[in-house]
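Each chain, written out:
Number of protein chains: 2
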Amino acid sequence: MPRINAERLLFALRRFAKFGAYKTGVHRPTYSREDMESRHWLMIQYEALGLDASIDGVGNVFGLPSGPKPSLLIGSHAESQNHAGWLDGALGVIYGLEVARAFADAPDCAGLPIAPVAWADEESHFISLLGSRSYVGDIDEGEIDRARNVYHGQPLRDALNAAGLAGIPRRQAEPERHVGYLEAHIEQGDSLEATGKRIGIVTSIVGIWQYRIVFEGTQNHAGTTRMAIRKDAGVAAAMLAMAIAERFPQVAEERSVWTTGRIALEPGAPSIIPGRAEMLFQFRDADIRVLERMDVALRELVEQTSSKSGCAASIERTATGQPWVMDSAFQSALENAAERHAPGLHVRMPSGASHDAQLIARKLRSAMLFVPSIGGISHHWTENTPDEDIVLGCQVLADAAESILRSA
Amino acid sequence: MPRINAERLLFALRRFAKFGAYKTGVHRPTYSREDMESRHWLMIQYEALGLDASIDGVGNVFGLPSGPKPSLLIGSHAESQNHAGWLDGALGVIYGLEVARAFADAPDCAGLPIAPVAWADEESHFISLLGSRSYVGDIDEGEIDRARNVYHGQPLRDALNAAGLAGIPRRQAEPERHVGYLEAHIEQGDSLEATGKRIGIVTSIVGIWQYRIVFEGTQNHAGTTRMAIRKDAGVAAAMLAMAIAERFPQVAEERSVWTTGRIALEPGAPSIIPGRAEMLFQFRDADIRVLERMDVALRELVEQTSSKSGCAASIERTATGQPWVMDSAFQSALENAAERHAPGLHVRMPSGASHDAQLIARKLRSAMLFVPSIGGISHHWTENTPDEDIVLGCQVLADAAESILRSA
Numbered sequence: 018m019p020r021i022n023a024e025r026l027l028f029a030l031r032r033f034a035k036f037g038a039y040k041t042g043v044h045r046p047t048y049s050r051e052d053m054e055s056r057h058w059l060m061i062q063y064e065a066l067g068l069d070a071s072i073d074g075v076g077n078v079f080g081l082p083s084g085p086k087p088s089l090l091i092g093s094h095a096e097s098q099n100h101a102g103w104l105d106g107a108l109g110v111i112y113g114l115e116v117a118r119a120f121a122d123a124p125d126c127a128g129l130p131i132a133p134v135a136w137a138d139e140e141s142h143f144i145s146l147l148g149s150r151s152y153v154g155d156i157d158e159g160e161i162d163r164a165r166n167v168y169h170g171q172p173l174r175d176a177l178n179a180a181g182l183a184g185i186p187r188r189q190a191e192p193e194r195h196v197g198y199l200e201a202h203i204e205q206g207d208s209l210e211a212t213g214k215r216i217g218i219v220t221s222i223v224g225i226w227q228y229r230i231v232f233e234g235t236q237n238h239a240g241t242t243r244m245a246i247r248k249d250a251g252v253a254a255a256m257l258a259m260a261i262a263e264r265f266p267q268v269a270e271e272r273s274v275w276t277t278g279r280i281a282l283e284p285g286a287p288s289i290i291p292g293r294a295e296m297l298f299q300f301r302d303a304d305i306r307v308l309e310r311m312d313v314a315l316r317e318l319v320e321q322t323s324s325k326s327g328c329a330a331s332i333e334r335t336a337t338g339q340p341w342v343m344d345s346a347f348q349s350a351l352e353n354a355a356e357r358h359a360p361g362l363h364v365r366m367p368s369g370a371s372h373d374a375q376l377i378a379r380k381l382r383s384a385m386l387f388v389p390s391i392g393g394i395s396h397h398w399t400e401n402t403p404d405e406d407i408v409l410g411c412q413v414l415a416d417a418a419e420s421i422l423r424s425a
Numbered sequence: 018m019p020r021i022n023a024e025r026l027l028f029a030l031r032r033f034a035k036f037g038a039y040k041t042g043v044h045r046p047t048y049s050r051e052d053m054e055s056r057h058w059l060m061i062q063y064e065a066l067g068l069d070a071s072i073d074g075v076g077n078v079f080g081l082p083s084g085p086k087p088s089l090l091i092g093s094h095a096e097s098q099n100h101a102g103w104l105d106g107a108l109g110v111i112y113g114l115e116v117a118r119a120f121a122d123a124p125d126c127a128g129l130p131i132a133p134v135a136w137a138d139e140e141s142h143f144i145s146l147l148g149s150r151s152y153v154g155d156i157d158e159g160e161i162d163r164a165r166n167v168y169h170g171q172p173l174r175d176a177l178n179a180a181g182l183a184g185i186p187r188r189q190a191e192p193e194r195h196v197g198y199l200e201a202h203i204e205q206g207d208s209l210e211a212t213g214k215r216i217g218i219v220t221s222i223v224g225i226w227q228y229r230i231v232f233e234g235t236q237n238h239a240g241t242t243r244m245a246i247r248k249d250a251g252v253a254a255a256m257l258a259m260a261i262a263e264r265f266p267q268v269a270e271e272r273s274v275w276t277t278g279r280i281a282l283e284p285g286a287p288s289i290i291p292g293r294a295e296m297l298f299q300f301r302d303a304d305i306r307v308l309e310r311m312d313v314a315l316r317e318l319v320e321q322t323s324s325k326s327g328c329a330a331s332i333e334r335t336a337t338g339q340p341w342v343m344d345s346a347f348q349s350a351l352e353n354a355a356e357r358h359a360p361g362l363h364v365r366m367p368s369g370a371s372h373d374a375q376l377i378a379r380k381l382r383s384a385m386l387f388v389p390s391i392g393g394i395s396h397h398w399t400e401n402t403p404d405e406d407i408v409l410g411c412q413v414l415a416d417a418a419e420s421i422l423r424s425a
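Quick mapping for you: the protein sequence lines, in order, are chains C and U. Position one of the first sequence corresponds to residue 18 (the numbering used here), numbered consecutively onward. Position one of the second sequence corresponds to residue 18 (the numbering used here), numbered consecutively onward.
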């Protein structure tokens, strides 16, 4: 029976949050100095457990047991969003480390190999889910050649080179080597907190469809161009945003979400009527039919807005993520463990966020566990989870890991 | 009788457009290399006419006659908006030069002194109307110390230093030295073209009131935050933009205009609900009562949007330009000259754009003349005016200048 060490777990989490500490959160962009230091620190911890520690060509860090017996991969991503929370990614990475430590401490767990892992760039500084996509063979060298940092434009190749990763092979998934993959994560929403639950067992991960929508109007002088003859691309963008706000509740399901993350008006000067507006829009659902319905509605609204505003419109779908169902036996293992440690305080739920598990699931049986987010806040430095929930989640994960490995 | 030289005028205009040529327009930001080259070129032309050519501490270029008789200032601004048209500002500057040349050519105009001038940064790269504000004593050193380039943040002091202007005094208006000020400009709207007129005589210049409106919502994860609990600052901004579009036609007058030039969502990432939205909004009218009515309406709409969206709102008025009436005797001089050269094809009209003349009018009798803009386009590199209208406008200006100087 693995027993996790609460003090050691919280200490490791707090130590990890020192890499790129920012207010009460962290700023640890992929391949930054702080990110690479955190990955090298992980390797030292993995080695101390007798694991074969390595970093691959995109920065994924593995701690692989040496024996022939298939191991259970446990982890998440090590980097953070910009100026964001200390637990997003880090929680799952440090859970992997603590579960490996707890198994090493427990005599009856000898022969149940745990392989902690830390993926790279799930948070899209260069390419969303880069590390797990690389691991499952979903990316080629050409895409890596072309990628740039989305915030400041640095080529990914330059960043890999500066991080000392150039020339190192990218490790590929070895299905015969692993029993499967478990990932823990903060919920990043308020469902658990709002319903008084302490553990979420993820049933499926939503598909995310992303769009770039561009309106082209007529750039002109904001003082001398009569209102009647304007073709204001900014007004068209606002019109579409409001049309979406009115229409989407009718075509979406209760758990669907949609977001306009960016509106950029060009040229963006106070005295010039915007000639061009670009919107980044996305929606998410766990049901492919709902995704398709929202796609149809969006395209209708863009067309109507174009016709009402007199601005030409174009819409490009930039990402079409498929929803992914989690392994049912693994879900049961997590649920049984949750019931043992928090009877009645767990719930099955879909994940509204994407996670490395949705990629790893293509090659290995995979499942995920959520712990509550205080106030539902994430992607912000105030993100947090009560210590007792952090500790509980790790023990549930350890128990589930044991049950999965024993029945493998 | 001054007779302008059409060929010389068009040649000078085209030569001037080579400073920062961009497509069929120009990119000549204030104090850029191209802008400073154009100002030094003007000084050479002024000197060739026997004028005392000088550049002052903010880049205003003067060609001052040496005699004791009060002269008539004629000009506009030399820099352009970014990637914009070849005539905006340049037309009035080169008219000043051509009128001075025509007067120098005409024996009967000896003793009627013309002082060509080119103002700096009317186009707000650092401070809107900087050159004319400096000239009339409407700016202090502290404001110059604090100002930065609105596009890339360079401090104004650094730009002045790089342009070789640091330490040069800023020339102040000398009302006893000048009879007044004339400025010609493209209309930048389509009123002249739409009504078949060739000359506009400006009656007044609109007041421009500008605002920075900020909505503060809750930044959060775009996948895990239920729609029901979101406080999306971007949605609030779109809601306000649409509320303005519906309400303003009821409180505005026919010639009023209003524009949202910029909407910036923070952090601006596709998977993060915007926690902050900043809008730059402005409106213009020649009637102070209409401006005040729009101000009241705007503040109501911001408050309503804040309450509907759940996002805190703040509104700051960043500019409160007063409408300014042009000198009536100068208007008559322009009208008589227009009637002589284009009978029936001129009209009195307010200016929807701000111009250096509205500042100079505080110290000197001032008036303005407009020539048509093809398609009403300006602040864009496709901006243009038919050659015959360019030539006509300059002759009308020269005639009016003669009449003003003779009756001074």
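Hint data in this document are derived by calculation from the structure and do not stem from the laboratory. C-beta atoms are modelled at their ideal positions from N, C-alpha and C, and glycine is treated no differently. One or more of the hints may lead you astray.
[Said to hold, decoys possible] Listing some non-contacts, in silico: residues in chain U with all C-beta distances to chain C over 10 angstroms:
{"#": "1", "residue": "22"}
{"#": "2", "residue": "54"}
{"#": "3", "residue": "183"}
{"#": "4", "residue": "204"}
{"#": "5", "residue": "225"}
{"#": "6", "residue": "243"}
{"#": "7", "residue": "249"}
{"#": "8", "residue": "254"}
{"#": "9", "residue": "256"}
{"#": "10", "residue": "266"}
{"#": "11", "residue": "272"}
{"#": "12", "residue": "279"}
{"#": "13", "residue": "282"}
{"#": "14", "residue": "320"}
{"#": "15", "residue": "365"}
{"#": "16", "residue": "390"}
[To be verified] Example chain U residues on the side facing chain C (calculated, C-beta under 10 angstroms, incomplete):
{"#": "17", "residue": "60"}
{"#": "18", "residue": "170"}
{"#": "19", "residue": "171"}
{"#": "20", "residue": "273"}
{"#": "21", "residue": "274"}
{"#": "22", "residue": "394"}
[Unchecked claim] Pairs of lysine-lysine, DSS-like flavour, derived with a Cα cap of 25 angstroms:
{"#": "23", "chain 1": "U", "residue 1": "35", "chain 2": "U", "residue 2": "86"}
{"#": "24", "chain 1": "C", "residue 1": "248", "chain 2": "U", "residue 2": "40"}
{"#": "25", "chain 1": "U", "residue 1": "248", "chain 2": "C", "residue 2": "214"}
{"#": "26", "chain 1": "U", "residue 1": "325", "chain 2": "U", "residue 2": "86"}
{"#": "27", "chain 1": "C", "residue 1": "325", "chain 2": "C", "residue 2": "248"}
{"#": "28", "chain 1": "C", "residue 1": "325", "chain 2": "C", "residue 2": "86"}
{"#": "29", "chain 1": "C", "residue 1": "40", "chain 2": "U", "residue 2": "380"}
Status of residue 279 of chain U, Cβ more than 10 angstroms from any chain C Cβ: 5 angstroms, violated
Non-interface claim for residue 22 of chain U, where every Cβ of chain C lies beyond 10 angstroms: 29 angstroms, holds
Would the hint linking residue 325 of chain C and residue 86 of chain C be met if the CA-CA limit is 25 angstroms? Violated - the C-alpha atoms of residue 86 of chain C and residue 325 of chain C are around 65 angstroms apart, more than 25 angstroms.
Does residue 171 of chain U hold up as a contact with chain C if the rule is Cβ-Cβ below 10 angstroms? Interface hint status for residue 171 of chain U: violated (16 angstroms vs cutoff 10 angstroms).
Verify this label for me: residue 266 of chain U is non-interface relative to chain C, using a Cβ-Cβ cutoff of 10 angstroms. 8 angstroms, violated
Hint check: residue 325 of chain U vs residue 86 of chain U, CA-CA at most 25 angstroms. Holds or violated? 64 angstroms, violated
Residue 248 of chain U and residue 214 of chain C: Cα distance at most 25 angstroms? Answer holds: residue 248 of chain U to residue 214 of chain C is near 24 angstroms, not above 25 angstroms.
Residue 256 of chain U remote from chain C - nearest C-beta pair above 10 angstroms: Not fine: 6 angstroms to the nearest Cβ puts residue 256 of chain U too close to chain C.
Is the nearest Cβ of chain C still more than 10 angstroms from the Cβ of residue 225 of chain U? 7 angstroms, violated
Report holds if the minimum CB distance from residue 390 of chain U to chain C is greater than 10 angstroms, and violated otherwise. 8 angstroms, violated
Let's test the interface hint: is any C-beta of chain C closer than 10 angstroms to that of residue 170 of chain U? Constraint on residue 170 of chain U not satisfied, violated at 14 angstroms.
Decide if the proposed pair is consistent with the structure: residue 40 of chain C and residue 380 of chain U, CA atoms, cutoff 25 angstroms inclusive. Answer violated: residue 40 of chain C to residue 380 of chain U is near 53 angstroms, above 25 angstroms.
Consistency with the previously given hints fails for numbers 4, 5, 6, 7, 8, 9, 10, 11, 12, 13, 16, 17, 18, 19, 23, 26, 28 and 29, ordered from lowest to highest.
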